[in-house]
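There are 4 protein chains.
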Amino acid sequence: MATHRFRPTRYFNVLGTAEPCLRIANGDTVVTDTIDASGMDAQEMTVASRPNPMTGPFFVEGAEPGDTLAVHIERLTPSRSTGWTYSPLALTVLDPAAIADHPPQQRHVWEIDSKTRSVRLQEPAKGLETFAPPLQPMIGCFGVAPAGGQALSTATSAQNGGNMDYRLFAPGTTAWFPISVPGALFYLGDGHACQGDGEIVGTGIETSFEMEVTLRVLKRTITWPRGETIDDIFTIGNARPLDQALQHATTEMLRWLGEDYGLDARAASHLMGQVVRYDVGNVFNPAFTVACRIAKRWLTKRQDGGSSGR
Amino acid sequence: MATHRFRPTRYFNVLGTAEPCLRIANGDTVVTDTIDASGMDAQEMTVASRPNPMTGPFFVEGAEPGDTLAVHIERLTPSRSTGWTYSPLALTVLDPAAIADHPPQQRHVWEIDSKTRSVRLQEPAKGLETFAPPLQPMIGCFGVAPAGGQALSTATSAQNGGNMDYRLFAPGTTAWFPISVPGALFYLGDGHACQGDGEIVGTGIETSFEMEVTLRVLKRTITWPRGETIDDIFTIGNARPLDQALQHATTEMLRWLGEDYGLDARAASHLMGQVVRYDVGNVFNPAFTVACRIAKRWLTKRQDGGSSGR
Amino acid sequence: MATHRFRPTRYFNVLGTAEPCLRIANGDTVVTDTIDASGMDAQEMTVASRPNPMTGPFFVEGAEPGDTLAVHIERLTPSRSTGWTYSPLALTVLDPAAIADHPPQQRHVWEIDSKTRSVRLQEPAKGLETFAPPLQPMIGCFGVAPAGGQALSTATSAQNGGNMDYRLFAPGTTAWFPISVPGALFYLGDGHACQGDGEIVGTGIETSFEMEVTLRVLKRTITWPRGETIDDIFTIGNARPLDQALQHATTEMLRWLGEDYGLDARAASHLMGQVVRYDVGNVFNPAFTVACRIAKRWLTKRQDGGSSGR
Amino acid sequence: MATHRFRPTRYFNVLGTAEPCLRIANGDTVVTDTIDASGMDAQEMTVASRPNPMTGPFFVEGAEPGDTLAVHIERLTPSRSTGWTYSPLALTVLDPAAIADHPPQQRHVWEIDSKTRSVRLQEPAKGLETFAPPLQPMIGCFGVAPAGGQALSTATSAQNGGNMDYRLFAPGTTAWFPISVPGALFYLGDGHACQGDGEIVGTGIETSFEMEVTLRVLKRTITWPRGETIDDIFTIGNARPLDQALQHATTEMLRWLGEDYGLDARAASHLMGQVVRYDVGNVFNPAFTVACRIAKRWLTKRQDGGSSGR
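Residue numbers (the working numbering), protein chains in the order written: chain A, 14 to 323; chain B, 14 to 323; chain C, 14 to 323; chain D, 14 to 323.
Everything labelled a hint here was simulated from the structure, so no lab data went into it.
Quick caveat, the model's predicted, so the values are computed rather than measured.
The calculated DSSO-like cross-link candidates involving lysine-lysine, where the alpha carbons are at most 27 Å apart (straight line), are:
(1) K309(D) x K139(C)
(2) K309(A) x K139(B)
(3) K139(A) x K314(B)
(4) K139(B) x K314(A)
(5) K128(D) x K309(C)
(6) K139(D) x K309(C)
(7) K309(D) x K128(C)
(8) K314(D) x K139(C)
Away from chain C, derived, C-beta distances all over 10 Å, residues of chain D:
(9) E32
(10) S62
(11) E77
(12) A83
(13) R93
(14) P195
Virtual Cβ for every residue (Gly too), placed ideally from N, Cα, C.
Take these sequences, add in the hints, and give me the full structure.
This is how it looks when you write it as structure tokens:
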């Protein structure tokens, strides 16, 4: 269970099959640097181009197509004291009739205060003089190489993960990705210091990070990304429209509740019908992201370990 | 500020212009009975037909087209000790390929325990033997008569409210509806003892209620329903696909932040970009429902009262 | 088989249950006047209000819920020499990013030349000096009263018909509507002198008409509107997004091919897979309209008459 | 203007940047072989794997990012006498409630009769004993390498073309693709002997072909694929839902009418409003395809050549 300190020198704008930057053992931890969505690093130097340049790919020994990669997010530490966002709201979240009067896109700088653990507009807008939401670091874009020789833009997302921009991909969360190539080929980047649901200004607070993740191979097969926080389990669907993303996430949750919690379709529906929560990861990127989430307090793992062990 | 105890004898399956069941003054409170989605009352007698038979309409003196009706939900008390749901999951939330193997729809009875304030399947499914989520009463369908002589089925929802099935329409919440006819003509019913996001089994726990609401007329104009809880403000969009419902809700929130909180489009986007939450009311009915929600801790009302007073 | 000449004095902005304007026998023909989408009649007097004021409702003796109303469009004669449209394109058909630069909506007058059977802008735009497409009259909005006491705006459409804006609802076509109330209660109006697919400027060439239709009751049940031209049969779905409208239309066609043409699901798919055509009626109204169309040359009616007779 | 006879030995399941199979001059013609969607060649040998293995990529001298590749489809000759389809209808075109009763997917063989120029099921279904639609060859999947190092599955489509399954990509048509890499890197394959709108059984009649195309580089920039037949011009949008595909196609047509035909947004809307036609290429693949089509009889090219010349 080694810890590797990796300093990237190349970045990728697609998740695909490429020469690994580092080979690690199953269960190892990686501490590495990520740059922001526009390619700016900790020194505010632009070292790569848009969109969402990725650090990676990391080759995990023993990972085979059909397996699952579990990525435990140990730590996300901003590596500079500013980030940036756009204003105003993205066109995808507005009634078409409201678009004509909408102001043009601008870029804004936020200060990231690691002591107070809050973020704040460098030039506050009128009415937001005291607005300083908490620092809530998250990973915007991460995942593994997709199947079939595809190379998918880091602007979008699919079954292999990618640019999901979901705020629960945060420290303490374990994310699962379906593996399609030997070694999994894991990429990460596009960290946000904070972001509401939907990434509705087209960005979180985009900044560079030192990220620490632990990578484990599970000998089981999943269809869409899954995740677990201290409180919840969740599944992810990436598609347009939101309806389809929600269908992917819900169907994956149905599978999970059967595999690991012994609930058949009818029992799962009783549970989900009363306690399910849906989150909108992003409603901005080419593929939208919906999470289907259930509090773990409602769940009891199968004694036999379900299909998760092997 | 009188309180009226109204016992309905007729029910309605559309929200439209009909003879008022009761005329009340602006600010009065109504205590009334509602029956469940299939027309069953507190004595488990079927006294009306599907879908979602409504109690009402209540005529509020002084309400004029262009005004807003504020409905404060004082209390929702189940009036019998059982409710019912369907299983399995609704087809709208599944990948089409998963539908073929899906079991047929069944109806299930739940016990509503007002002492422990929890609900429980009468015949628990395997794996759910101890599943007893809290009693969380909510109104599934309520709203006012729509514009232009329309009469809209209580199966669906629109700008005038209707079958939104959003779990935050709960005791303590104030809901706002845009008024299109003199007197507003307010209807309510379809109470649920509990329901997760999305109403994804096609029902909440459907039961009869004694509901208590206070109705006030605001001399201001809104476009889509709005609401306020102890912690949050929210706006509602009703449409398909979910994307369009989300656009309606988000655009309405943008208007609200301008009117009452003095935030222009750019400032509002800074706030929403970092702290907005989206909830899925229902993803089952003909029109889906999305709520755009913001915690009040981030908001400061305009000193001048914005456009809310007059 | 009488022919009735009916001159309307009232108009309706919803399709619902209302006092019939005329009672006719099954098989009778009605010759009547319709006014344009904004309420302007043959004398260019505004005699009713938006949207799409309807002539009707006509009560057809013998029509019962569960039956089908066949409306043969005998003749559509413009009753004045001008019509109007909007420019530019509707927002529903544009990429959101293209909306900001889009010019504001304007109204334009077209001359309807019944001799040359063509239409022409009164003030031609640059580049369209010779643009004079043929007069192609069609009915924008027609249908029957919906079920369950609903009254649906003539701005939209549903299973009962309504504002479908499909250019094959033209002379020579027979349209079928599912009947939900005694007498069917048939409405018509919103004639267009011409219109492309999708009604993408938000209007056809809107004008007043003398319309002649023959109404027959079929003792059979359909779910969505159907139609037949000299060359084709077609089914209609009305919903958003277009995907759902297309699903409704396709599923209805599958039923029709089984009922009347003896094709099971597999055979129907062989036929449709090779020769089906989809038309976009409108992509502008609250509900979009898709037609699923098959040329009659590929079809052979069942010898036993299928389920159409009784 | 040479003609190259190219016999492929490798096939590709993604459109991406790969070693060219052949370098040709601007204006050259290529005669080559394509295999069917499942990888079966003219001898009914499976020589490559799904989905839609492509012949190519062809490097066109002088093609630069920002240019447009014009592909004139000279000839599509089936290279064997059978093709295959699936039944029944794809799940994407059915109401969800109709899926449960739907029969399972089967594969069927069709005979391709090059003399009568028709196709016919080898084992006709009941009611289709005489069903023999005309041979109407088309290209299901073709296009150029996408931007940014992406490699996109031949199951789907995007701005660079791909698996559009549009029946007007047929002999006599010229298709235009936006070029993103030096040499354009053109791929083609997935020929169909016949196909209705929407590819609604999930296939056309899939077979191997000898295809002949002429490739020219235009020094102009387009955003989405365009095409021209003897009668029409058309633009293509690829996305989900159909609404978004239609928006892409319509917006691209608006640009084209401005660039080449001198019509501003208002004039273009007058023309399109009356004569536009929408076709559904496919409503089956991950991205759906909509064509926006206008008959050339309504169009007059700008005297100055618009932006098409160089």
